[in-house]
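Q: Sequence:
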Amino acid sequence: MAEIAFELDELKVAWRRVKWDLDHRVFVTVAFEEELVDLGGDEWLSQLLDEITQGRYSPQPCEIIEEPKPGFHIRPGARLEIKDQIVYAATAQKLYQVIADFLRVRKTPKDFGYLLRSADKVPWFQQPAFSSWKAFKNVSLERIDAGAPSVVFADIYGFYENIDLNRLRDILRGVGAPEDALSFLLKCLWAWAQPRRRGIPQGLSSSDLLAKLYLEPVDRQLERSGFEHIRYVDDYRIFCSDELEAKRALRKLTALLRHYGLNVGTPKTEIFDATRARVKVEGNIPKIERLAEELNEALRAEGFEDPYLRVIAFPALQDSQANVARAVVEDAFREYFSDSTEPFDASLYHYLLNRLGKLKSDVAIGYSVRQLTDRPEETRAILEYLKHFLDDHHDLADEVLRFAESDDAIYEHQLFLIVKWLHENRVQSDRCFHLVRRLTADRSQPLWLRSYALALLGEFGDSADLDGTEALYTNAATELERAVILCCIRRMPRNQRNEIYARYGEQSLLNALATRLARQN
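In this note's numbering, the protein residues as written are 1274 to 1794.
By construction, these hints were calculated from the structure, which means they are not laboratory data.
For glycine and all other residues, C-beta sits at the position ideal for the given N, C-alpha and C.
Honestly, I wouldn't trust all of these hints.
Unchecked claim - With beta-carbon atoms standing in for the labels, derived distance ranges:
#, residue 1, residue 2, range
1, D1418, R1329, 58 to 66 Å
2, Q1333, R1521, 42 to 50 Å
3, R1470, E1578, 58 to 66 Å
4, K1407, Q1793, 37 to 45 Å
5, P1540, T1747, 24 to 32 Å
6, D1604, G1556, 17 to 25 Å
7, W1406, Q1780, 44 to 52 Å
8, T1548, E1578, 35 to 43 Å
9, R1704, Q1793, 30 to 38 Å
10, N1557, Q1591, 26 to 34 Å
Claimed, not checked - Okay, derived cross-link-like pairs now, DSSO-like style, lysine-lysine, Cα gap no bigger than 27 Å in a straight line:
#, residue 1, residue 2
11, K1485, K1380
12, K1407, K1541
13, K1460, K1342
14, K1660, K1292
15, K1285, K1394
16, K1407, K1560
17, K1292, K1367
18, K1410, K1383
19, K1633, K1394
20, K1553, K1520
21, K1380, K1367
22, K1541, K1410
Starting from the given sequences, assemble the full structure and let the hints guide the process.
A: Structure below.
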C-alpha cells in the first residue's frame, strides 16, 4: 500500500497533530504509548515511513469505543492504532489546503463548528470551541430578532458513523483533492469502516476536517432552495417566515441528508415559534451570566478587580475573597442541583463543578458520586472535581471504587476513566488493588483499560504483582501490549529486570524503547 509519498517532516507534523488529539480529542489512550513514540523520535517515524514506502503498511481494524451519552445512549467513538492515527493525519494534511480553500470561498459561514486555522498550525481548528458555540448562539438570536417567526431545530442521527465513503470520495475529487492522497485515504477509510462499509473514525481531528467538508454541499443546496440556516457541526437551525415554510425546510433538509446517506435525528428535531426558539437557543446562558455577575459583584466588594474572573485565578484569592466566592457558588449549586427538581443541566453543572473544585468546596461530592450511576456521561467532569479532595477525604477514592465494583459500572469507557484517574492520582488502597488485579487478569478487557491497571500495579504493587505482570508477556496479543508490560516491571529487582530486558528488549523497536524508558524512570 505504497501509492503515496511522504517525507519524514510530514510524519513529524502529523505526530504533533496526533499528540494534540491524544490530549484533547480521543476517547481512550494506552498507558506509555505516547511516551514510547516520543522517545523513539525520528527512529520510530522513519520505521513507519519505510513501511509506507516499501508497501508494507496496512491499516489495522478500527476499534469501536462505546462512550455513554445522556439517557444511557451510546456514542460510537473510535480508536485507531497510533501508526494509523499518524498516517491518517499526514494524509489529511495533504488534503487540508484544497478543503480549506473550498470552504473559505463562502463569504458568510454556515458552519460554526471547528473553525479552520492555517495549514501549518497545530491543531487545525481554532480554540476554544466554546467561542465558536457562543458565536453560533449569538447569530441564532440575531436571526430570531431580525424577524424569524419559526425556527427549525434539527440534528443528524449518527453523523460520523453514517458518512457515505463513496460520496465523500466524490466530494473530495470535486474540490480538487490530489488523486494519490485521495486514493490512499479511501483505502484506509474502507479498512476502518469494516464491517459496515460506511463511516469515518469519530474522535480525531482528521475526521472533523472531512466531516466539515461532507456537509458543505448540503449547506449550498439548502441555501439555493431559498432557506436561511446555520449549523454547528451537525446541529441545524433554519430561520423561516412562518410555520409552513419551516415544514417545507425540514422536508427539504431531510431529503438532502438522505441523499448523502444521513438521517435527521427525530428526538432533537422540532419546529419552534420565535419565543420558544429564543429560550431554546439561550439555554442555560442567562443563568450562567447571572451567576458570573453575582460572583463578580461579591468579589469586587472584597477588593478583587479581575473583570474576567478566570477560574485559574481562584487558588490565588485571599481567604476572605475565597470564602465569599465559595458561598455564592455553593448556594447556586444547592439551588440548581442538590435541592432542585428541575431537569439536569449539564453545562451549568460543569460551570459550577469547575469553580467548586478550584475553591476547594466539597459541597458537591455526595451528589456527584451518585451521578456516576445516574449520569455516566458526566464521569470525566466528576472525576476532575473529585481529585481536589483526595488528600482531605481519605474514603473518597473508595466511594468511587465501590461504584466501579458494582453492577452499575457497565461501561468499559467509564471504567477506563476511573482507572486512569486512580493511576494519575496515585491511589493505593486495598480496594484499588483488588479492582486493578481483577482487570489485568481479565484478557477480555481491552488493552486501553488494562494498560492503566497494569501501570498502577507496576508503580505501586508488590513483588507478586510485578511477577504476575511479567508472566503476561508470553500471551500478549500485540507488540504494544508487550511494550506496556516491559514498562510496568521496571521496579523489579535490578538483576531480574535486566535479565528480562536482555531477553526481550531487541525483539522490536517498541520493546527497545520500553526498556530504555523504564531505565530512564
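Q: Give a verdict on every hint.
A: Against the structure, the hints:
no. : hint                        : verdict
1   : D1418 <-> R1329: 58 to 66 Å : 60 Å, holds
2   : Q1333 <-> R1521: 42 to 50 Å : 46 Å, holds
3   : R1470 <-> E1578: 58 to 66 Å : 59 Å, holds
4   : K1407 <-> Q1793: 37 to 45 Å : 44 Å, holds
5   : P1540 <-> T1747: 24 to 32 Å : 49 Å, violated
6   : D1604 <-> G1556: 17 to 25 Å : 21 Å, holds
7   : W1406 <-> Q1780: 44 to 52 Å : 48 Å, holds
8   : T1548 <-> E1578: 35 to 43 Å : 38 Å, holds
9   : R1704 <-> Q1793: 30 to 38 Å : 32 Å, holds
10  : N1557 <-> Q1591: 26 to 34 Å : 30 Å, holds
11  : K1485 <-> K1380             : 16 Å, holds
12  : K1407 <-> K1541             : 20 Å, holds
13  : K1460 <-> K1342             : 31 Å, violated
14  : K1660 <-> K1292             : 24 Å, holds
15  : K1285 <-> K1394             : 13 Å, holds
16  : K1407 <-> K1560             : 15 Å, holds
17  : K1292 <-> K1367             : 18 Å, holds
18  : K1410 <-> K1383             : 13 Å, holds
19  : K1633 <-> K1394             : 36 Å, violated
20  : K1553 <-> K1520             : 19 Å, holds
21  : K1380 <-> K1367             : 24 Å, holds
22  : K1541 <-> K1410             : 17 Å, holds
The structure fails hints 5, 13, 19 (numbered hints given earlier, in ascending order).
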